[in-house]
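Student: These are the residues of each chain, in order.
Protein chains: 2
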Amino acid sequence: MAEENIIFVGKKPTMNYVLAVVTQFNSNNLDKITIKARGKAISKAVDIAEITRHKFIQTAKYDKINLETEVLQGEHGESNVSSIEITLKRQ
Amino acid sequence: MAEENIIFVGKKPTMNYVLAVVTQFNSNNLDKITIKARGKAISKAVDIAEITRHKFIQTAKYDKINLETEVLQGEHGESNVSSIEITLKRQ
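Residue numbers (my numbering), protein chains in the order written: chain F, 1 to 91; chain P, 1 to 91.
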């Protein structure tokens with residue numbers, strides 16, 4: 001999957017990411033986009049996917065939802081953080 | 001699905017819910033359990049599922065993951081909130 005098909009969710013407002021997803025779908029005429037997030041940003045990733053689906057691209061369905069655990073190297077050793085990958089596919 | 005197969009995630013610490021999931025799997029000998037959460041608790045629900053799978057019940061796989069939007073009636077009118085339902089199935 002090319003990098004342009006992946007949106008990484010961070011600390012910006014939810015609607016910034018929704019706009020990024022919608023823009024990718026429309027300008028680049030993609031049929032699949034994956035939204036990735038870790039830790040507390042997981043809730044925001046779900047919001048982004050749901051807002052995109054309900055308000056902007058009604059033909060988008062969930063193609064795949066993966067949950068995983070990533071091991072991060074921090075100052076105080078390793079820590080585990082959950083992650084989500086939500087793939088939206090336009091019909 | 002009987003009520004005992006569903007764990008609703010709220011404000012308690014993550015490990016309380018992990019313990020509830022593991023207990024349901026083991027004491028009641030269930031093969032499927034669904035973890036439900038809304039809004040900011042969604043990240044916690046993913047943590048609970050991942051910790052259960054990695055540390056306690058290694059044979060549990062994801063059977064189904066649903067994302068939805070619920071409409072809540074509040075003091076200031078309606079508001080939308082995202083929700084997740086994660087179903088773990090023991091092989």
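Hint data in this document are derived by calculation from the structure and do not stem from the laboratory. Among the clues, some could well be false.
No distinction is drawn between identical chains; accordingly, a pair holds when it is met within one copy or between any pair of copies.
Said to hold, decoys possible - Capping the alpha-carbon separation at 25 Å, the derived lysine to aspartate or glutamate pairs in DMTMM-like fashion look like this: (1) Lys61 to Asp31; (2) Lys36 to Glu78; (3) Lys11 to Glu75; (4) Lys55 to Glu68; (5) Lys55 to Asp31; (6) Lys55 to Glu85; (7) Lys89 to Asp31; (8) Lys89 to Asp63; (9) Lys64 to Glu75; (10) Lys11 to Glu70; (11) Lys32 to Glu75.
Student: Each hint: holds or not?
Tutor: Status of each hint after checking the structure:
With identical chains, the CA atoms of Lys61 and Asp31 are at most 25 Å apart within one copy only, with a shortest distance of 10 Å there and 28 Å across copies. Only within a single protomer do Lys36 and Glu78 lie at most 25 Å apart by alpha-carbon distance; the minimum there is 21 Å, versus 29 Å between protomers. Taking identical chains as interchangeable, the C-alpha atoms of Lys11 and Glu75 lie at most 25 Å apart only when both belong to the same chain, with a minimum of 21 Å there against 28 Å between chains. For the homomeric pair Lys55 and Glu68, the shortest alpha-carbon distance between copies (13 Å) is at most 25 Å, but the shortest distance inside one copy (28 Å) is not.
Within a single copy, Lys55 and Asp31 get their C-alpha atoms as close as 17 Å, which meets the 25 Å cut-off; across copies the closest is 37 Å, which misses it. Taking the closest pair of Cα atoms, Lys55 and Glu85 come within 25 Å of each other both inside a single copy (21 Å) and across two copies (21 Å). Taking identical chains as interchangeable, the C-alpha atoms of Lys89 and Asp31 lie at most 25 Å apart only when both belong to the same chain, with a minimum of 6 Å there against 31 Å between chains. Taking the shortest Cα distances, Lys89 and Asp63 sit within 25 Å of each other both inside one copy (6 Å) and across copies (20 Å).
Taking identical chains as interchangeable, the C-alpha atoms of Lys64 and Glu75 are never at most 25 Å apart, the minima being 34 Å within one chain and 36 Å between chains. For the identical chains of this complex, Lys11 and Glu70 are neighbours both inside a copy (19 Å) and across copies (24 Å), given an alpha-carbon limit of 25 Å. Proximity of Lys32 and Glu75 under a CA criterion of 25 Å is satisfied in neither setting, with 37 Å inside one chain copy and 38 Å between copies.
When the structure is compared with the earlier hints, violations turn up for hints 9 and 11 and for no others.
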